[in-house]
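Those sequence lines, one after another, are chains A and B.
Using the working numbering, the first residue of the first sequence is number 60, and each one after it goes up by one.
Using the working numbering, the first residue of the second sequence is number 593, and each one after it goes up by one.
Incorrect hints may have been included.
[Said to hold, decoys possible] Listed below are the simulated SDA-like cross-link pairs for lysine to any residue, each with C-alpha atoms no more than 20 Å apart in a straight line:
no., chain 1, residue 1, chain 2, residue 2
1, A, Lys68, B, Ser632
2, B, Lys689, A, Gly158
3, B, Lys689, A, Glu118
4, B, Lys694, A, Asp97
5, B, Lys694, B, Leu658
6, B, Lys634, A, Glu161
7, B, Lys689, A, Asp115
8, A, Lys103, B, Glu631
9, A, Lys116, B, Asn619
10, B, Lys663, B, Glu631
11, B, Lys648, B, Asn659
12, B, Lys689, A, Thr114
[Stated by the list, open to error] Among the chain A residues that face chain B by a calculated CB cut under 10 Å, a handful are:
no., residue
13, Val63
14, Gln76
15, Tyr92
16, Gln96
17, Gly99
18, Gly101
19, Lys103
20, Leu104
21, Val109
22, Asp115
23, Tyr123
24, Phe149
25, Tyr153
26, Thr159
27, Gly167
Calculated from the structure, these hints are not laboratory results.
Note that beta-carbon positions come from the ideal geometry of N, C-alpha and C, so glycine has one too.
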Amino acid sequence: NAGVTQTPKFRILKIGQSMTLQCAQDMNHNYMYWYRQDPGMGLKLIYYSVGAGITDKGEVPNGYNVSRSTTEDFPLRLELAAPSQTSVYFCASYDSSSGTYEQYFGPGTRLTVT
Amino acid sequence: GENVGLHLPTLSVQEGDNSIINCAYSNSASDYFIWYKQESGKGPQFIIDIRSNMDKRQGQRVTVLLNKTVKHLSLQIAATQPGDSAVYFCAENRDDKIIFGKGTRLHILP
Numbered sequence: 060n061a062g063v064t065q066t067p068k069f070r071i072l073k074i075g076q077s078m079t080l081q082c083a084q085d086m087n088h089n090y091m092y093w094y095r096q097d098p099g100m101g102l103k104l105i106y107y108s109v110g111a112g113i114t115d116k117g118e119v120p121n122g123y124n125v126s127r128s129t130t131e132d133f134p135l136r137l138e139l140a141a142p143s144q145t146s147v148y149f150c151a152s153y154d155s156s157s158g159t160y161e162q163y164f165g166p167g168t169r170l171t172v173t
Numbered sequence: 593g594e595n596v597g598l599h600l601p602t603l604s605v606q607e608g609d610n611s612i613i614n615c616a617y618s619n620s621a622s623d624y625f626i627w628y629k630q631e632s633g634k635g636p637q638f639i640i641d642i643r644s645n646m647d648k649r650q651g652q653r654v655t656v657l658l659n660k661t662v663k664h665l666s667l668q669i670a671a672t673q674p675g676d677s678a679v680y681f682c683a684e685n686r687d688d689k690i691i692f693g694k695g696t697r698l699h700i701l702p
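Just chain A, same shape as in the assembly:
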């Protein structure tokens, strides 16, 4: 298993540009999450999904959109990039039938908006 994969690893965007951060997992996990982590800070939940076709807002959803058309993929879309979205973005997944809330995290995407 590759686990949770994220692409790209790094990206620099200009203000107002758009991009999609990709996240995929091959563990057949039903729950998937997007977090952002600003330098020296904790993780803030952006969006999450409890299964294909179902998404919901987290703590900081403004400026982002998600979709979950398959179990494996959970892309995060930034429509009009702003400097405040400079951060490291982590995708995570877990299996709610496992009896534990053990999330598996991807390696992160480091995004800079200038």
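Here the structure of chain A is known, so what remains is to put chain B in place on it, guided by the hints.
Just chain B now, with coordinates in the frame of chain A:
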């Protein structure tokens, strides 16, 4: 949990001693609590979790204690090793949302 301040609190512990990392949570409705370890440049790694109907759970070299009365969670690491150097986060499950608290940086002294 919420992020406050610009810098993570730091706990410095002598190698071989026990470490105790504390976390306060805010929502009494949270039903599950998790501890994560994050090494520099990597995503968080699951360490141990505990249900809200328990007050203690032990793993390999780690123990989590939950005090629901004061909404407090702690992670105890026995015989701290250099490889334990990392940032540690507590997280809570609230209606399928897993919310992270502020982290603590664990620094190991030789």
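Hint-by-hint comparison with the structure:
A threshold of 20 Å between alpha carbons decides the hint, and for lysine 68 of chain A with serine 632 of chain B the separation of about 15 Å falls inside it, so the pair holds. A hinted pair counts as satisfied when its Cα atoms are at most 20 Å apart, and lysine 689 of chain B with glycine 158 of chain A qualifies at roughly 16 Å. Among the hinted pairs, lysine 689 of chain B with glutamate 118 of chain A is consistent with the structure: their alpha-carbon atoms are about 9 Å apart, no more than 20 Å. Taking the CA atoms of lysine 694 of chain B and aspartate 97 of chain A, the gap is near 12 Å; set against the 20 Å cutoff, the hint holds.
For the given pair, lysine 694 of chain B sits about 17 Å from leucine 658 of chain B by alpha-carbon distance, which is consistent with the 20 Å threshold. Restraint check: the Cα-Cα separation between lysine 634 of chain B and glutamate 161 of chain A comes to about 16 Å, which is no more than 20 Å; the hinted pair holds. For the hint pairing lysine 689 of chain B with aspartate 115 of chain A, the CA-to-CA distance comes to about 9 Å; that is within 20 Å, so the pair holds. For the proposed pair lysine 103 of chain A and glutamate 631 of chain B, the alpha carbon gap of about 18 Å is at most 20 Å, so the pair holds.
For the suggested pair lysine 116 of chain A and asparagine 619 of chain B, the alpha carbons sit about 18 Å apart, so the restraint of at most 20 Å is met. The straight-line distance between the Cα atoms of lysine 663 of chain B and glutamate 631 of chain B is roughly 26 Å, outside the 20 Å bound, and the hint therefore fails. For the proposed pair lysine 648 of chain B and asparagine 659 of chain B, the alpha carbon gap of about 9 Å is at most 20 Å, so the pair holds. Pair hint lysine 689 of chain B plus threonine 114 of chain A holds up; C-alpha atoms about 11 Å apart against a cutoff of 20 Å.
With a cut of 10 Å, the hint placing valine 63 of chain A at the interface with chain B holds, because the nearest CB-to-CB distance is about 8 Å. Contact between glutamine 76 of chain A and chain B, as hinted, is not supported at the beta carbon level, the nearest pair being about 25 Å apart and thus beyond 10 Å. Hint status for tyrosine 92 of chain A: holds, given a least beta-carbon distance of 7 Å to chain B, under 10 Å. Hint status for glutamine 96 of chain A relative to chain B: holds, with the closest Cβ pair at about 9 Å, below 10 Å.
At about 6 Å, the closest approach between the beta carbon of glycine 99 of chain A and any beta carbon in chain B falls short of 10 Å, and the interface hint on this residue holds. About 5 Å separates the beta-carbon of glycine 101 of chain A from the nearest beta-carbon of chain B, less than 10 Å, and the hint is met. Proximity of lysine 103 of chain A to chain B holds as hinted, the smallest CB-CB distance being about 7 Å (cut-off 10 Å). At a threshold of 10 Å, the smallest CB-CB gap from leucine 104 of chain A to chain B is about 6 Å, leaving the interface hint in force.
For valine 109 of chain A, the interface hint holds, the least distance from its beta-carbon to any beta-carbon of chain B being 6 Å, beneath 10 Å. The restraint placing aspartate 115 of chain A at the interface with chain B holds, with a minimum CB-CB distance near 8 Å, inside the 10 Å limit. Annotation: tyrosine 123 of chain A was flagged as interfacial toward chain B, and the flag is violated, the nearest CB pair being 15 Å apart, outside 10 Å. Taking 10 Å as the C-beta cut-off, the interface hint given for phenylalanine 149 of chain A holds, the closest approach to chain B being about 5 Å.
The beta carbon of tyrosine 153 of chain A is positioned within 10 Å of a beta carbon in chain B (closest approach about 8 Å), and the interface hint is therefore held. Residue-level restraint check for threonine 159 of chain A holds (minimum Cβ-Cβ distance to chain B is 6 Å; threshold 10 Å). Restraint check, glycine 167 of chain A versus chain B: the minimum CB separation of about 6 Å is within 10 Å; hint holds.
The structure fails to meet hints 10, 14 and 23 from the earlier list, while all remaining hints are met.
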